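Novice: As a plain string of letters, each chain reads:
2 protein chains.
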Amino acid sequence: MAKLYVVGMGPGAEGELTARARAALEAAEVLCGYTLYVELLRPLFPGKDVHATGMKSELERCRWALETARSGRSVALVCSGDAGVYGMASPLLELAGEVPGVKIEIIPGLTAALTGAALLGAPLGHDFCVVSLSDLLTPWETIETRLRCATEGDFALCLYNPASRHRPDALRRACEVLLQTRSPQTVCGLARRIGREGESWELLTLEELRTAQADMFTTVFIGSSRTRRIGGRMVTPRGYGE
Amino acid sequence: MAKLYVVGMGPGAEGELTARARAALEAAEVLCGYTLYVELLRPLFPGKDVHATGMKSELERCRWALETARSGRSVALVCSGDAGVYGMASPLLELAGEVPGVKIEIIPGLTAALTGAALLGAPLGHDFCVVSLSDLLTPWETIETRLRCATEGDFALCLYNPASRHRPDALRRACEVLLQTRSPQTVCGLARRIGREGESWELLTLEELRTAQADMFTTVFIGSSRTRRIGGRMVTPRGYGE
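As you go down the protein sequences, you meet chains A and B in turn. Residue numbers for the first sequence follow the working numbering, beginning at 1 and rising by one. Residue numbers for the second sequence follow the working numbering, beginning at 1001 and rising by one.
Treat the hints as calculated values from the structure; they're not laboratory data. Please read all numbers here as calculations on a predicted model, not as lab measurements. Even glycine gets a Cβ: it sits at the ideal position worked out from N, Cα and C. Among the hints, a few may not be true.
[Unchecked claim] Derived lysine to aspartate or glutamate pairs resembling DMTMM-like cross-links, with alpha carbons at most 25 Å apart: (1) B:K1003 x A:E152; (2) B:K1003 x A:E199; (3) B:K1103 x A:D49; (4) B:K1003 x A:E67.
[As the list claims (entries may be wrong)] In silico negatives: residues of chain B with every beta carbon more than 12 Å from chain A: (5) A1002; (6) Y1034; (7) V1050; (8) S1071; (9) G1072; (10) D1082; (11) I1104; (12) T1138; (13) F1217; (14) R1228; (15) M1234.
Just chain A, with the same shape it has in the complex:
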């Protein structure tokens, strides 16, 4: 029985890998993951065996990783960002019961909420919510309810999957929900292609965000009522007493 590492690789830049993630990727006999992410890692581990598959084949990939580990080859199942946040740790653990006995180690990594926030300033300096706008696995009504609850609680928000080819208007729809109760002047930010070639970021208002361009490599930050633009950065104060 070999080991199965579920590894959060961070945004893709070599510098954002933790030492523990790097050691697991070194130790594994084969790297398994979505083609794009595996390709980002390949230059760091030349000669390493790779099992790369396309999007939407996550469950197949988890099964392959479990079976491969059971057969005696150690595997690193690679996730962009963190292993747990919309990552593979969850479906893998759900399936692990079907392939008993495999030793699983989950290795956290920097998710886009953290790496994007660091680019913009400190938008998540106080309580926050993370919401995915993908309705692939979640009904849109659930997403909308969560956006309403987050804004009612005056949370700062980080939005994942703000758009895709099949959902070009998800971000606009989300902004319209938020604008029902949150000021159009709310400080917001976009981080694009974090840690990769073409990385960029910008600050804008919630009203401007409504019509902003976003894609699957964009992470969106929406301030609370206390978030401010300070020296060109987006800053949510740590508390109400300062």
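Following the hints, complete the assembly by docking chain B onto the known chain A.
Specialist: Only chain B this time, still in chain A's reference frame:
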């Protein structure tokens, strides 16, 4: 003018440092931070100058870092976990206007929501909220409102600062708010001393969590209605369609 790095060091274990954080700590002439965190790093950087101060002197520490960088010495302002999540990036950026021209780089790190989740399984596999129970800088009513909104939106929750000597009952009070609408059988988890000597974790129900022991080194996870105990781990499925 020298550089000021605000560095998320992760939980404290050497393996959880990113390469970028490590390089910044190497590059800085002086490490500045809360005594406990600086002491965790000292063995990795022997001989490095250190400016360590106690808790509650955060603003003084930010000013010292800004002034030191302005005077021409590069500084790494060290944060446990991430630099942005309840970290020093926010107060530092608020104060930076008073000391103009210092070049600030924020370097993200693994916050306890991610490292604790990886220990427990995948409690944050879908939308989640992060809430601090510390009422030092936030009125308790605001905390309670956020807990209500988070549970109304059926978010998974990660709670920071669940207790301290001066707030021994914060976790019990929070659980009582959540129990008004969320099942007492909700899957919950505690992670203690993540990445440090004495690290431990356990799963329990929300009802059991109400009377559980927590301290300032404990991170608390509360499942959504969809979170399950699978193979002894806490797992929140990634979506509603699977």
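Novice: Look at each hint and say if it fits the structure.
Specialist: For each hint, the structure was consulted:
no. : hint             : verdict
1   : B:K1003 x A:E152 : violated, 39 Å
2   : B:K1003 x A:E199 : holds, 22 Å
3   : B:K1103 x A:D49  : violated, 42 Å
4   : B:K1003 x A:E67  : violated, 49 Å
5   : A1002            : holds, 18 Å
6   : Y1034            : holds, 14 Å
7   : V1050            : holds, 22 Å
8   : S1071            : holds, 20 Å
9   : G1072            : holds, 21 Å
10  : D1082            : violated, 5 Å
11  : I1104            : violated, 9 Å
12  : T1138            : violated, 5 Å
13  : F1217            : holds, 17 Å
14  : R1228            : violated, 8 Å
15  : M1234            : violated, 9 Å
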